[in-house]
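Assemble the whole structure, with the sequences as input and the hints as a guide.
Heads up: the protein sequence lines correspond to chains A and B, in order.
Its first residue numbered 1, the first sequence is counted upward by one per residue in this note's numbering.
Its first residue numbered 1, the second sequence is counted upward by one per residue in this note's numbering.
Keep in mind that the hints were calculated from the coordinates and are not lab data.
Heads up, some of the hints might be wrong.
As the list claims (entries may be wrong) - Okay, derived cross-link-like pairs now, SDA-like style, lysine to any residue, Cα gap no bigger than 20 angstroms in a straight line:
#, chain 1, residue 1, chain 2, residue 2
1, B, K433, A, Q55
2, B, K402, A, G94
3, A, K46, B, E248
What the hints assert, rightly or not - Where chain B lies over chain A, by a calculated footprint (3+ residues, C-beta under 8 angstroms):
#, segment
4, 57–71
5, 75–82
6, 92–100
Being a predicted model, the structure only gives us computed values, none of them experimental.
For glycine and all other residues, C-beta sits at the position ideal for the given N, C-alpha and C.
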Amino acid sequence: MTLFGIEIKAPFHLRTRSRSWKKPASTDRTAITLLDLPDGCHAVVKGFLHGMPAQRHAQLRAYGLAPGCPVIVVQHTPVTVIRIEHLELALEHGLAKEIQVALIE
Amino acid sequence: MTCHSSPSVGSDSPSQGSIALVGHPNVGKSALFQCLTGIHVTISNYPGTTVEVSRGLARSIPETELVDTPGIITFPPYSEDEQVTARFLLNEPVKAVLQVGDAKNLRRTLLLTVQLAEMGLPLVLALNMMDEAASRGVQIDQRALSELLSISVVPTTATRGVGIGNLNAALVKARPSRLQCLYPPVIEAALDKITARLSNPALAPRAMALLFLSGDSVTENWISEHQTTTTVQELAALRMAVQQSFAEPLAVVIQRQRQEIVDQIAVAVIQDRGDAWRGFSTRIGRLTTHPLWGLFILAGVLYALYWFVGVFGAGTLVGLFEKKLFGQVINPRLTEWATRNIPVPFVADFLFGPYGLWTMGMTYALALILPIVTTFFLAFGVMEDSGYLPRLAALSNRLFEKLGLNGKAVLPIVLGLGCVTMATLTTRVLESKRERFLVTLLLALAVPCSAQLGVVMGMLAGISLTASLIWGGVVLLILVAVGWLAARLVPGERTPLLVELPPLRWPQASNVLVKTLARLEWYIKEVVPMFLFGTALMFVLSKTGLLVRLEQAGEPLVTGWLGLPAQASGAFLMGFLRRDFGATGLFVMQSQGLLTPLQVVVAMVTITLFIPCIASVLMIAKERGWRTALGMFTLIIPLALLVGGSLNRVLMFIGWGG
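What follows is the structure, encoded as structure tokens:
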């Protein structure tokens, strides 16, 4: 890649793997949440945890995080970062835990 | 589908309302606003709030005002910033809405377009950042989109001025959209009933009814102010009855229907090659939120900020303005002129005496604070436009979680190290009143401004590293302890962090400069009067002899409890005017050999925790109200003295620096 005509090489291996990630306890793929997915994982949003305030729900939808929407998990440390189409979103673990997803093979 | 019959912008008389720029945060609204208006922009707080709204006259549409509203994620609005946009659309005459959308994230843009279309106002959609969309392989069939939305859709790249001519032409011909979303029959029936009951609605009745059903507090307030009590009660009962038909909240049901329309439109007009997330900006962006490299970058950014605002602004520039320009040129000449030409000594003293409006008030405002805020606004503008601020929030979220806040609180806290007065203002970026209160409290209590920090560090460095560590440790401990405790005592829930990480971009120099100039104009109009008021107060206290009495009254506390010499009480009183002045008074005492190392550390800890300068006090009162400000100071002053006195005893007990 070049910047102002100068060849630039990325100095570090950018992929970060969350130390806190553990394999989801549940084997039912529809029941896992965004927080259960390791970095780099592709998934589809299935829904939101029951009881999430309507405003929060609407806000997530406004960011494009709606059921059926494909997401990519970028990292979990220090906060969860996901990509939805061309948008990158940072959300804390408590919120990531409220978003149910299904893994894409 | 229904067709509204509002006239176009071009057919209205120029005086009938302004054009409102509405859009998500970080979509280039300000850059587009600047392209459409030029440099004659005024930034003011929206009435009753601390949220900035920029206004300017359109360059190419005669006698038309453009208003840059705060970024909004969705309706109903969530934060104070977003509520201002909703209130603006409801309460001010708006002749057209210019929605600025991110071309590469069209689905998200269209979700807001559908809501704006429902409002029935003439609407134009500017698909901004087309260059980024193209570089990521996103192509939009703009003609098909324009037909589906039945409004003008103009592709733009505001940073390069691309598409501005077409946008101006489209704005003149702006018409309401005919797009209408159909909702489940129960909601449609309720909408009919609500629209029939609303008299003189501010927006299209259907849009207001939808906002009401979605639980929008701004619309609820408008309805209670403009409709009869019976209507308000009937509407509330109706909403409750409609809610019974759905398991999910109505806002969610309504939003889902809109999402379906958006998906249909998006499929018809977007071609995405999927080239996203490549390139240098993406790699650097990832590094900034990396758990390790992100911290190194953060340290570098903080150091650059401290150097630019703290060292260059508060040190070099203040020295140049205060000591050289005002101290050696302007003030001596004015004082000399006053003694010769003003016959009444009281008036001369009021203007040019030790507590004079010019010699103290204006000198502080122009020579001490203006250089700091200028550098601060420039640095803030660069950080704002580069897209780094949301990354800073993500990195520091875990720390602020412990203080009952989220990562967005890092911004005012860091800026407090530059100037607490300005930092108090930036608490507006926080979402809830509770968070704004907590951060203001921490700023007033334990965040020293750059001017004070300079004096404190200089004094402690003259003793030992241990002295600096004791001071830093105690102040940090109090900050965390008070923050932790306040978070548990102040009612309300913590807002979890949810923030968009926009791509990192080179800030545009002209945009940063225009914003800085507009903010400086605001500073001179809003903050300078506070300095003058503070100075007049000190003048009255001095003339009535109350200043001396207050110093005398404080002596027992200073000598007995804090273990400091009697002269230190004067320094603490001056510390109220400016904390660094208090510290400077103590610095003079130290250089005269009147203070032991122990007394220096105790005095520095106490004065750091003491209330900030009078401008900050007035700013806190203005932002949070006098009751809250008084409550804070009732807590802060005794706490500062309690900590100082306790530290004195602990250090004496262990035999340090006595």
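Taking the hints in turn, this is what the structure says about them:
Taken as a hint, the B/K433 and A/Q55 pair is honoured in the structure, with Cα atoms around 17 angstroms apart against an allowance of 20 angstroms. Simply put, B/K402 and A/G94 have alpha-carbon atoms about 14 angstroms apart, close enough for the 20 angstroms limit, and the pair holds. Between A/K46 and B/E248 the CA atoms are separated by roughly 15 angstroms; this keeps the pair inside 20 angstroms, and the hint holds. For the segment 57–71 of chain A, the proposed coverage by chain B is satisfied: 9 residues have a C-beta within less than 8 angstroms of a C-beta in that chain, meeting the threshold of three.
Against chain B, the segment 75–82 of chain A contributes 5 residues with a C-beta closer than 8 angstroms to a partner C-beta. That satisfies the three-residue criterion, and the hint holds. A stretch counts as covered by a chain when three or more of its residues have a beta carbon under 8 angstroms from one of that chain; for the segment 92–100 of chain A and chain B the count is 3, and the coverage holds.
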